[in-house]
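Take the sequences, apply the hints, and build the full model.
The residues making up each chain are set out below.
4 protein chains.
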Amino acid sequence: MSKSHKREDYKYFLEIPTRWMDNDVYGHVNNVVYYSFFDTAVNRALIEFELLNYNQSEIIGLVVETSCTYHRPISFPDVIEAAFKIDKLGNSSIRYNLALFKKDESEPCATGYFVHVYVDRLTRKPRQLPHQFREKLENLK
Amino acid sequence: MSKSHKREDYKYFLEIPTRWMDNDVYGHVNNVVYYSFFDTAVNRALIEFELLNYNQSEIIGLVVETSCTYHRPISFPDVIEAAFKIDKLGNSSIRYNLALFKKDESEPCATGYFVHVYVDRLTRKPRQLPHQFREKLENLK
Amino acid sequence: MSKSHKREDYKYFLEIPTRWMDNDVYGHVNNVVYYSFFDTAVNRALIEFELLNYNQSEIIGLVVETSCTYHRPISFPDVIEAAFKIDKLGNSSIRYNLALFKKDESEPCATGYFVHVYVDRLTRKPRQLPHQFREKLENLK
Amino acid sequence: MSKSHKREDYKYFLEIPTRWMDNDVYGHVNNVVYYSFFDTAVNRALIEFELLNYNQSEIIGLVVETSCTYHRPISFPDVIEAAFKIDKLGNSSIRYNLALFKKDESEPCATGYFVHVYVDRLTRKPRQLPHQFREKLENLK
Numbered sequence: 126m127s128k129s130h131k132r133e134d135y136k137y138f139l140e141i142p143t144r145w146m147d148n149d150v151y152g153h154v155n156n157v158v159y160y161s162f163f164d165t166a167v168n169r170a171l172i173e174f175e176l177l178n179y180n181q182s183e184i185i186g187l188v189v190e191t192s193c194t195y196h197r198p199i200s201f202p203d204v205i206e207a208a209f210k211i212d213k214l215g216n217s218s219i220r221y222n223l224a225l226f227k228k229d230e231s232e233p234c235a236t237g238y239f240v241h242v243y244v245d246r247l248t249r250k251p252r253q254l255p256h257q258f259r260e261k262l263e264n265l266k
Numbered sequence: 126m127s128k129s130h131k132r133e134d135y136k137y138f139l140e141i142p143t144r145w146m147d148n149d150v151y152g153h154v155n156n157v158v159y160y161s162f163f164d165t166a167v168n169r170a171l172i173e174f175e176l177l178n179y180n181q182s183e184i185i186g187l188v189v190e191t192s193c194t195y196h197r198p199i200s201f202p203d204v205i206e207a208a209f210k211i212d213k214l215g216n217s218s219i220r221y222n223l224a225l226f227k228k229d230e231s232e233p234c235a236t237g238y239f240v241h242v243y244v245d246r247l248t249r250k251p252r253q254l255p256h257q258f259r260e261k262l263e264n265l266k
Numbered sequence: 126m127s128k129s130h131k132r133e134d135y136k137y138f139l140e141i142p143t144r145w146m147d148n149d150v151y152g153h154v155n156n157v158v159y160y161s162f163f164d165t166a167v168n169r170a171l172i173e174f175e176l177l178n179y180n181q182s183e184i185i186g187l188v189v190e191t192s193c194t195y196h197r198p199i200s201f202p203d204v205i206e207a208a209f210k211i212d213k214l215g216n217s218s219i220r221y222n223l224a225l226f227k228k229d230e231s232e233p234c235a236t237g238y239f240v241h242v243y244v245d246r247l248t249r250k251p252r253q254l255p256h257q258f259r260e261k262l263e264n265l266k
Numbered sequence: 126m127s128k129s130h131k132r133e134d135y136k137y138f139l140e141i142p143t144r145w146m147d148n149d150v151y152g153h154v155n156n157v158v159y160y161s162f163f164d165t166a167v168n169r170a171l172i173e174f175e176l177l178n179y180n181q182s183e184i185i186g187l188v189v190e191t192s193c194t195y196h197r198p199i200s201f202p203d204v205i206e207a208a209f210k211i212d213k214l215g216n217s218s219i220r221y222n223l224a225l226f227k228k229d230e231s232e233p234c235a236t237g238y239f240v241h242v243y244v245d246r247l248t249r250k251p252r253q254l255p256h257q258f259r260e261k262l263e264n265l266k
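Going line by line, the protein sequences match chains A, B, C and D.
Residue 187 in my numbering sits at position 62 of the first sequence, with consecutive numbering throughout.
Residue 173 in my numbering sits at position 48 of the second sequence, with consecutive numbering throughout.
Residue 166 in my numbering sits at position 41 of the third sequence, with consecutive numbering throughout.
Residue 144 in my numbering sits at position 19 of the fourth sequence, with consecutive numbering throughout.
Keep in mind that the hints are not guaranteed to be accurate.
[What the hints assert, rightly or not] Some chain A residues near chain B, calculated using beta-carbon distances under 8 Å:
#, residue
1, Ile141
2, Arg144
3, Trp145
4, Gly152
5, Ser161
6, Asp164
7, Asn168
8, Asn180
9, Pro202
Bear in mind the hints are in silico, worked out from the structure with no lab data behind them.
Each residue gets a CB set at the ideal place from its N, CA and C atoms; glycine is no exception.
Laid out in structure tokens, this is it:
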């Protein structure tokens, strides 16, 4: 995460407007909220690619590790573009590299990563990623 | 709030996409989050009309009463339009009537109201609404 | 909600500490968060009385109406006592009157209400309240 | 973060009850909320040690990096103990190692870290940590 990141490093973009209550007492979006932008982008993409139906999917992604580096503040009413590329498509896990950009800015306000491990919805035991995950997500690497 | 409400009853509209964590265990946006849509729409409008600079404004709006009636569920990744009209421009208070619509739907998922009382930022004593509030908000009635 | 409310008006109390991100730019707990205190108190009580198992219960309570009047601000790190009594045990609905007190204060910071309608988890059609609801909740009126 | 962590590795503990809306569609506390437990514990401690007055302090801590590894799920109505020790007291920054424990469990549900950089409230330029930070936080290492 130490080197600089640009928009062209990412493959999927989702516009997310900030909300009034995202701001904390210092007038900036609270550090916690950045992770909500991350998991909104990832889950929104999975639904769009028909890889997730959170009411019915037999396997579900549990979050096992997340991280964020904060470069510059975001404040309501900023509109953010949450961006990611897939860093690693593992046997039963997916690692996403993410960034948050303000509109019209080329340098991210924040960068981070997010790791999902796929498990059986009922037993919560790890499960291999179905082949359609590889088919549909391969070009987001 | 008992009669039916339509889009044409409202004057200001703001698109707000849901977020993954808005959903609760029953797969619907949690009742609490609706109020975040309400205060995001109101504060976004006030900033747009240059009536609010939350870092500097001498007077600020404190919320004294809110209410919401839930008609039909909202679920991630729905995109909501938060709508309002001003119900009452008082001496030092503003009452907003609000509704949340799904895109392409004419009946609201929720309706409610929201009352701001304006106070001095430092003393937190009530203050009369400046004339520019009446000028700019009159046509949102 | 217009008359004054005291601790003795309520039957169930739950201590809820505020969190850092509950505060908004004005240094107070945001109006939205009060509703999270409300639904935490109600659902915590229902679980304690063995009336709710949110993973398995055949019937679930959907929120159809909520309201809050804000009397005095709350700020992190305040610890709040969320209090309620049952205002009405209907055929398929329950209405709770709620209040939020700071520790050692007799007047509430906020008062409000919260209405659950019970529905079948799968069909989401209204269902009559089982008799154990009446048995266990009668003394919270 | 790879080795196992125990309660005795931490110096400050804060009890934080979960809230109803912390749970996501899978019936677990959402990954985002863990960071709210982290920054609540850190800021609560700083206020307790009289190192932070968020309305008036000349210098404020901005979050520059956070990370969390999720070991086992947490679900409402679990009560969590958020624990930390100070990993590094830098020139103008503090790095906290954190963990979340369920009551009566010796292994953490989650571990992570959190880095504050201290800046001037107005200019937002980095500032050296005042000596009282070192005095009061030294024994939390």
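Going through the hints against the structure:
1. Ile141: 7 Å, holds
2. Arg144: Holds, about 4 Å.
3. Trp145: 5 Å, holds
4. Gly152: Given a least distance of 5 Å, the restraint on Gly152/A holds.
5. Ser161: 5 Å, holds
6. Asp164: This hint holds: Asp164/A lies near chain B, its Cβ roughly 5 Å from the closest one there, short of 8 Å.
7. Asn168: For Asn168/A, the interface hint holds, since the closest Cβ of chain B sits about 5 Å away, which is under 8 Å.
8. Asn180: At 5 Å from the nearest chain B Cβ, Asn180/A passes the 8 Å test, so the hint holds.
9. Pro202: At about 5 Å, which falls below the 8 Å cut-off, the nearest Cβ of chain B leaves the hint on Pro202/A intact, so it holds.
Of the numbered hints stated above, none is contradicted by the structure.
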